[in-house]
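Can you make the complete structure from the sequences, with help from the hints?
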Amino acid sequence: MSSDIYKDIILDYYRHPRNNGDLPDANVRAKDSNPLCGDIIEMQLKIGDGKISDIRFKGKGCAISQASASMLTEAAKGKTVEEVKAMEKADVLDLLGIDPGPTRIKCALLGLKVLKLAVYLHLGQTVTEEVKRLV
Amino acid sequence: MVEKLTINAARIREDFPILKQQVNDKPLIYFDNAATSQKPNNVIDAISNYYRHYNANIHRGIHKLAEEATVAHEEAREKVAKFINAKQTGEIIFTRNATEALNLVARSWGRANVGKGDKIVLTIMEHHSNLVPWQLIAKEKGATVEYVEIDENGELRLDEVHELIDDSTKIVCVAHASNVLGTINPVKDIGRAAHRAGALFLVDAAQSVPHMPVNVRDIDCDFAAFSGHKMMGPTGIGVLYGKAELLEGMPPFLSGGEMIKEVHTTGTTWKDLPYKFEAGTPNIAGAIGLGAAVDYLQGIGMETVLDHEKEISRYALGRMKEIEGLVIYGPMDVDHRVGVISFNLGDIHAHDLASILDEDGIAIRSGHQCAQPLMEFLRIPATSRASFYIYNTKQEVDVLVEALEKARKIFAR
Chain D
1 MSSDIYKDII
11 LDYYRHPRNN
21 GDLPDANVRA
31 KDSNPLCGDI
41 IEMQLKIGDG
51 KISDIRFKGK
61 GCAISQASAS
71 MLTEAAKGKT
81 VEEVKAMEKA
91 DVLDLLGIDP
101 GPTRIKCALL
111 GLKVLKLAVY
121 LHLGQTVTEE
131 VKRLV
Chain F
1 MVEKLTINAA
11 RIREDFPILK
21 QQVNDKPLIY
31 FDNAATSQKP
41 NNVIDAISNY
51 YRHYNANIHR
61 GIHKLAEEAT
71 VAHEEAREKV
81 AKFINAKQTG
91 EIIFTRNATE
101 ALNLVARSWG
111 RANVGKGDKI
121 VLTIMEHHSN
131 LVPWQLIAKE
141 KGATVEYVEI
151 DENGELRLDE
161 VHELIDDSTK
171 IVCVAHASNV
181 LGTINPVKDI
191 GRAAHRAGAL
201 FLVDAAQSVP
211 HMPVNVRDID
221 CDFAAFSGHK
231 MMGPTGIGVL
241 YGKAELLEGM
251 PPFLSGGEMI
261 KEVHTTGTTW
271 KDLPYKFEAG
281 TPNIAGAIGL
291 GAAVDYLQGI
301 GMETVLDHEK
311 EISRYALGRM
321 KEIEGLVIYG
331 PMDVDHRVGV
341 ISFNLGDIHA
351 HDLASILDED
361 GIAIRSGHQC
371 AQPLMEFLRI
381 PATSRASFYI
391 YNTKQEVDVL
401 VEALEKARKI
411 FAR
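These protein sequence lines are chains D and F, in that order. When you number the first sequence by this note's numbering, it's gap-free, plus one each residue, and the end is 135. When you number the second sequence by this note's numbering, it's gap-free, plus one each residue, and the end is 413.
A hint or two may mislead.
Unchecked claim - In silico SDA-like cross-links for lysine to any residue, where the CA-CA straight-line distance does not exceed 20 Å:
1) F:406 / D:5
2) F:409 / D:15
3) F:188 / F:220
4) D:60 / F:372
5) F:406 / D:60
6) D:60 / F:377
Quick caveat, the hints were computed from the structure, so don't treat them as lab data.
Dropping the structure here:
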């Protein structure tokens, strides 16, 4: 019963997503979808003094997209906005512990894109092409 | 009584070099035929021969190669005309694919004939290609689009067909076979209803022409569209069939070279059918490849193709419905469907399922299947879809069922 990309940890985050739901006192929200498969992720963040003090996500989609978004909320909590801006693909792959391959990588990166969108929105900065191209 | 021919899949598979390979160290099981089919040797060779031996532009050259290429291109048109029983070759217009054929009708006929307050009747199971072009024309002209819905078996509500089609209806556009549900729609009946109301009738035959006998004159449709690549031909070649008297009255779609009779600074006249609708150098190799695909399919016989797919479908439906938590969308009666099975397994997302099957070398499609209105109607985000062709076997279905069981267990952890 082996499946290379569906490790227990990913299924666990998919079944029992951490930081899932609404964050009532969030001061920034961002949402995006993957047009190819319809995965949707929304991130709600509370940012104060340049730091993410709390974060939740909501979404619909495959195990890879939802698990990686959930893992990212845990990783982002306590980070500064600059640290989030510096996060990249490799950080998501580290969290997942797998490389989902060229077609599924977009599922894994949707959460990162939405997280960064929220941070850029909060800072009032223009979203970089690099971020737009994540998914 | 004529003895019924059956397919020797092992022998047929010899004709498809791509099927011999391993994927992820497992024999490739190709169940994504509704997206595109694999190509037999005779099609690959026909394309290669054209480029190796008689590549030239057609219709204009006087030299030997141009003549050979022109003959081969027009022979392909004749083969296609006979294959679907068109009255004449001028009724066969080569396009890029079914999508372009449907856009041709919407832009040329639709723009000239649909007006404010008119109605276009579609079905909820249409592929985006037979839906978006009509939405655009409706918006441009102030017309409305209405959709025939389906019943719990995934079959069209015929009572709605008769209710929706009225005097304001200009055209009725229906998939012959659904690319999601597999449902074969009663196109002859729907066409009669359309014609009674004075509307035209268009059939999206992309999922039927590759898999069953299709006779456009028996159906009595005004237009039919299909793609070469789903019927063993190459990509980049598709067909619009249209009744000659309608096509003759329609303005050109694309314009430029090849489609003109005379061009003057003061105006231009068009070539006769079908060339009026074929602007620019066409996909010559594609047409020749499609002709070879028609040869291949006719060599087997479309009744035989349909029978084989019914047998595989019957077997697959029987085995798949035994899987705990598996939901199948579409008719369970194989006489009402082609070999396209859409399903969901528990709450496993279709993309996760496709990834797990891919690990076992099984190629299926997952997603909204280019039919978002149908997904909305069924209240599901996506489906997984296994679709069969003549080279598929019951043994391959067994491997699929095993892999689905494996996926169920992985996600039950």
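Okay, the hints, checked on the actual structure:
1. The suggested pairing of residue 406 of chain F with residue 5 of chain D holds, with an alpha-carbon distance near 14 Å, which does not exceed 20 Å.
2. Between residue 409 of chain F and residue 15 of chain D the CA atoms are separated by roughly 14 Å; this keeps the pair inside 20 Å, and the hint holds.
3. Distance restraint check for residue 188 of chain F and residue 220 of chain F: the Cα-Cα separation of roughly 7 Å lies within the 20 Å cut-off, and the hinted pair is therefore satisfied.
4. Between the alpha carbons of residue 60 of chain D and residue 372 of chain F the distance comes to roughly 16 Å, so the proposed pair stays at or under 20 Å and holds.
5. With a CA separation close to 23 Å, the supplied pair residue 406 of chain F and residue 60 of chain D exceeds the 20 Å bound.
6. Note on residue 60 of chain D and residue 377 of chain F: the hinted pairing holds, with a Cα-Cα distance of about 18 Å set against a maximum of 20 Å.
Comparing the model with each numbered hint stated earlier shows that hint 5 is the single one that does not hold.
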